[in-house]
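Asks: Residue numbers (UniProt numbering), protein chains in the order written: chain A, 1 to 326; chain B, 1 to 313.
In short, the hints are calculated from the structure, not lab data.
Mixed in with the good hints, there may be bad ones.
Covered stretches of chain B (chain A as the covering partner; in silico rule of three or more C-beta atoms under 8 Å from a C-beta of chain A) [said to hold, decoys possible]:
| id | region |
| --- | --- |
| 1 | 67-74 |
| 2 | 89-95 |
| 3 | 146-155 |
| 4 | 248-261 |
Chain A is nowhere near these chain B residues, computed Cβ spacing over 12 Å in every case [as the list claims (entries may be wrong)]:
| id | residue |
| --- | --- |
| 5 | Asn27 |
| 6 | Val31 |
| 7 | Leu33 |
| 8 | Arg34 |
| 9 | Glu79 |
| 10 | Ala83 |
| 11 | Ile121 |
| 12 | Ala160 |
| 13 | Pro220 |
| 14 | Thr223 |
| 15 | Ala236 |
| 16 | Ala264 |
| 17 | Ser293 |
In this text, a Cβ means the ideal position worked out from N, Cα and C, and glycines have one as well.
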Amino acid sequence: MRYLLGKVGLLLLTLWAAVTLNFLLPRLMPGSPADAAIAKLAQNGPVSPSTRAAIEAQLGVPTGSAWDQYLQYLNNVVRFDFGVSYTFFPQSVASLVGTALPWTLVLVGFVTIVAFVCGTLLGVLAAWKRGTWLDTLPTVGGTFASAFPYFWTALLLLFFLGYVAGWFPTSGAYGSAATPEFTGTFLLDALYHSILPATTILITSLGGWILGMRSTMINTLGDDYVTFAEANGLHPGTVAIRYAARNAILPNLTSFGLALGGVVGGSLLVERVFSYPGVGYLLYTAVVNQDFPLMQALFLIITISVLLANFIVDILYGILDPRTRR
Amino acid sequence: MTPTGTTRPATSAVKTISRGHHDAGANPLRVILRAFLTIWSVPKARIGVALLGVFVLLAVFAPVLAPYGATDNSFDRSEDMSAAHWLGTTAAGQDVLSQIIYGARVSVFVGFVAGLLSTIIAVLIGLSWGYLRGLAGDVINFIVNLFLVIPALPLMIVIAAYLQNGGIGMIVLVVVITGWAWGARVLRSQTQSLRSRDFVTAAVFSGESPARIVFREILPNMTSLIVGSFFGASTAAILAEAGLEFLGLGDSTTVSWGTMLFWAQNSNALLTGQWVLLFAPGLCISLLATSMSLINFGVDGLSNPRLREGAQR
Chain A
1 MRYLLGKVGL LLLTLWAAVT LNFLLPRLMP GSPADAAIAK LAQNGPVSPS TRAAIEAQLG
61 VPTGSAWDQY LQYLNNVVRF DFGVSYTFFP QSVASLVGTA LPWTLVLVGF VTIVAFVCGT
121 LLGVLAAWKR GTWLDTLPTV GGTFASAFPY FWTALLLLFF LGYVAGWFPT SGAYGSAATP
181 EFTGTFLLDA LYHSILPATT ILITSLGGWI LGMRSTMINT LGDDYVTFAE ANGLHPGTVA
241 IRYAARNAIL PNLTSFGLAL GGVVGGSLLV ERVFSYPGVG YLLYTAVVNQ DFPLMQALFL
301 IITISVLLAN FIVDILYGIL DPRTRR
Chain B
1 MTPTGTTRPA TSAVKTISRG HHDAGANPLR VILRAFLTIW SVPKARIGVA LLGVFVLLAV
61 FAPVLAPYGA TDNSFDRSED MSAAHWLGTT AAGQDVLSQI IYGARVSVFV GFVAGLLSTI
121 IAVLIGLSWG YLRGLAGDVI NFIVNLFLVI PALPLMIVIA AYLQNGGIGM IVLVVVITGW
181 AWGARVLRSQ TQSLRSRDFV TAAVFSGESP ARIVFREILP NMTSLIVGSF FGASTAAILA
241 EAGLEFLGLG DSTTVSWGTM LFWAQNSNAL LTGQWVLLFA PGLCISLLAT SMSLINFGVD
301 GLSNPRLREG AQR
């Protein structure tokens with residue numbers, strides 16, 4: 001229980017720090033968001049002070065002292081009020097994020113779990129068969145594939161399987177005729193559209209899990225209890241899975257949380273390539289259009305999602321390893 | 001980079017280094033040569049060193065090696081591969097091969113500079129943080145963990161979006177801001193385990209200053225970790241630079257592999273079927289990044305002979 005409370009406390013503190021960082025970032029940077037919007041307008045002619053005031057009022061540019069702004073900002077964040085998007089003007093940032101988030105969560109979440117399970121199994125196998133081709137192939141292949149830039153894997157798959165072979169759709173998350181709803185046909189269509197982005201993330205992130213699991217597994221294999229189990233004449237598979245892998249997976253689980261940030265970052269680029277309507281594509285649109293409120297909100301949402309995922313892994317770690325609960 | 005394995009202070013490479021500052025005559029060249037041979041003895045790392053060498057040579061001798069200028073756009077547009085243009089031309093009429101060769105400059109430069117700066121910050125923070133105890137340590141712990149958890153690429157994108165079209169300097173800055181934390185954490189845990197060793201206690205009793213203990217006594221024992229985090233940070237920097245430029249967040253007039261991919265996507269190279277435009281820059285980025293990961297396989301042996309290839313487990 002103390003373990004859980006400590007973790008919750010840490011989560012709250014980290015959340016606060018992330019929220020504060022998000023508040024400080026635009027204020028540490030040169031120029032103000034409203035200036036950027038006005039600069040865009042100014043290309044078409046001079047902007048009068050009254051127009052400027054109107055824009056600032058409309059876009060919700062904060063006024064008052066820094067401390068007042070901060071309190072106002074915290075209040076808004078708690079109520080999920082992130083203001084109005086510059087690009088998709090009448091729409092609120094919160095509603096835009098709400099439409100985009102499920103696509104990314106399902107895509108990245110599902111692929112990450114698949115990659116973790118497959119990578120861990122391959123890593124166990126590589127360490128157990130150390131020195132054979134079962135070790136060399138996944139290790140070298142994994143090292144090479146994890147050096148692929150996400151967007152490059154995506155571009156290659158898009159080109160060869162999407163354009164040349166024509167097996168898969170080249171953009172979007174569902175066909176242009178379909179409307180998002182919970183029917184079999186729509187879900188199948190969405191699944192079909194997600195194959196290429198999912199494969200990209202899988203190919204690029206798998207190597208990290210293989211290498212991580214392999215190195216912890218090799219350390220575990222050197223432990224006395226593994227030698228003892230072998231000396232007892234237990235079945236090799238039993239020694240590998242129930243003795244060595246079970247203990248080796250714990251350190252690998254901690255890196256799960258940290259690696260997740262990288263996968264989320266990579267998926268942003270993948271979404272850009274496939275025009276997949278998730279958080280990454282929205283962030284790209286926001287950046288290109290200098291839509292600062294939308295950009296800030298997306299950064300915050302992405303960070304909070306990764307923090308929460310880390311928190312869940314921490315809790316899971318506590319359940320799996322009783323030593324950490326002491 | 002297995003943090004658990006590299007805890008032996010008395011090794012040949014380290015002895016050479018620590019002997020180095022007793023008599024000033026000991027040549028650093030021999031130390032470097034020996035380190036190089038240690039890495040070279042690992043087959044995987046050998047491939048990495050050779051690959052990295054090729055890219056560094058490409059970058060240095062780009063003006064000699066490239067058939068045309070990098071920004072020379074006097075050729076026919078979107079040409080296929082031919083004897084005059086081995087990899088064809090871009091939609092703006094530039095020679096692709098020349099751009100690839102000149103592009104090596106940006107990637108090698110960003111990888112080296114950003115990797116070096118991140119590593120310096122990681123060493124300074126990691127070592128002092130590992131040696132400090134009490135509240136200061138806790139505060140640094142929190143900050144480092146925060147930087148580790150916050151997804152780096154979105155943070156880079158946001159910062160880069162505010163610093164409009166900052167060019168390579170901006171990209172290096174952004175990469176360093178987000179890239180030092182991992183190395184700091186690895187180095188810190190190693191410092192913590194070394195500080196309880198007898199040789200550190202002896203140094204404390206002989207009245208050495210904390211700064212000297214940290215940087216003269218403890219630091220040389222972490223050669224392989226530091227070199228490892230340098231290559232790790234460089235790899236991350238190269239991939240991040242390419243990613244940011246692919247999104248159009250750098251200066252899109254710079255000739256680099258990232259901007260080549262940016263232009264390839266934006267000039268519809270996918271539709272015209274010029275797959276080389278996509279394939280070549282990405283392959284170069286992957287190969288450069290792989291070369292560094294491969295070198296890291298040999299780095300473990302630098303300060304721990306037990307981890308050299310072929311050693312018993």
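Asks: Next step is simple, just say for each hint if it's right about the structure.
Replies: Structure-based check of all given hints:
Coverage of the region 67-74 of chain B by chain A is violated [criterion: at least 3 residues with CB-CB distance below 8 Å; count 0]. Restraint check on the region 89-95 of chain B versus chain A: 0 residues with Cβ-Cβ distances below 8 Å, three needed, restraint violated. Counting residues of the region 146-155 of chain B whose CB lies closer than 8 Å to any CB of chain A gives 9, so the stated coverage by that chain holds, three being the minimum. Against chain A, the region 248-261 of chain B contributes 3 residues with a C-beta closer than 8 Å to a partner C-beta. That satisfies the three-residue criterion, and the hint holds.
For asparagine 27 of chain B, the shortest C-beta to C-beta distance to chain A comes to about 34 Å, beyond the 12 Å cut-off, and the non-interface label holds. Listed as outside the interface, valine 31 of chain B is consistent with that label: its C-beta sits roughly 27 Å from the nearest C-beta of chain A, beyond the 12 Å cut-off. The Cβ of leucine 33 of chain B sits about 26 Å from the closest Cβ of chain A, beyond the 12 Å cut-off, so the non-interface label holds. Listed as outside the interface, arginine 34 of chain B is consistent with that label: its C-beta sits roughly 25 Å from the nearest C-beta of chain A, beyond the 12 Å cut-off.
The beta carbon of glutamate 79 of chain B is kept farther than 12 Å from every beta carbon of chain A, the shortest such distance being approximately 18 Å. The claim that alanine 83 of chain B lies off the interface holds: its Cβ sits roughly 25 Å from the closest Cβ of chain A, which is beyond the 12 Å cut-off. Every CB of chain A is more than 12 Å from the CB of isoleucine 121 of chain B (nearest about 18 Å), matching its label as outside the interface. Not every beta carbon of chain A lies more than 12 Å from that of alanine 160 of chain B, the smallest distance being close to 8 Å; the non-interface claim is violated.
Consistency note on proline 220 of chain B: stated as away from chain A, and its beta-carbon is indeed over 12 Å from all of that chain's, at 24 Å minimum. A cut-off of 12 Å between C-beta atoms confirms that threonine 223 of chain B is not in contact with chain A; the least separation is 19 Å. Non-interface call for alanine 236 of chain B relative to chain A: violated, since the shortest CB-CB distance, roughly 9 Å, does not exceed 12 Å. For alanine 264 of chain B, the shortest C-beta to C-beta distance to chain A comes to about 8 Å, within the 12 Å cut-off, and the non-interface label is violated.
At the 12 Å boundary, the C-beta of serine 293 of chain B falls inside the reach of chain A, the nearest C-beta of that chain being 5 Å off.
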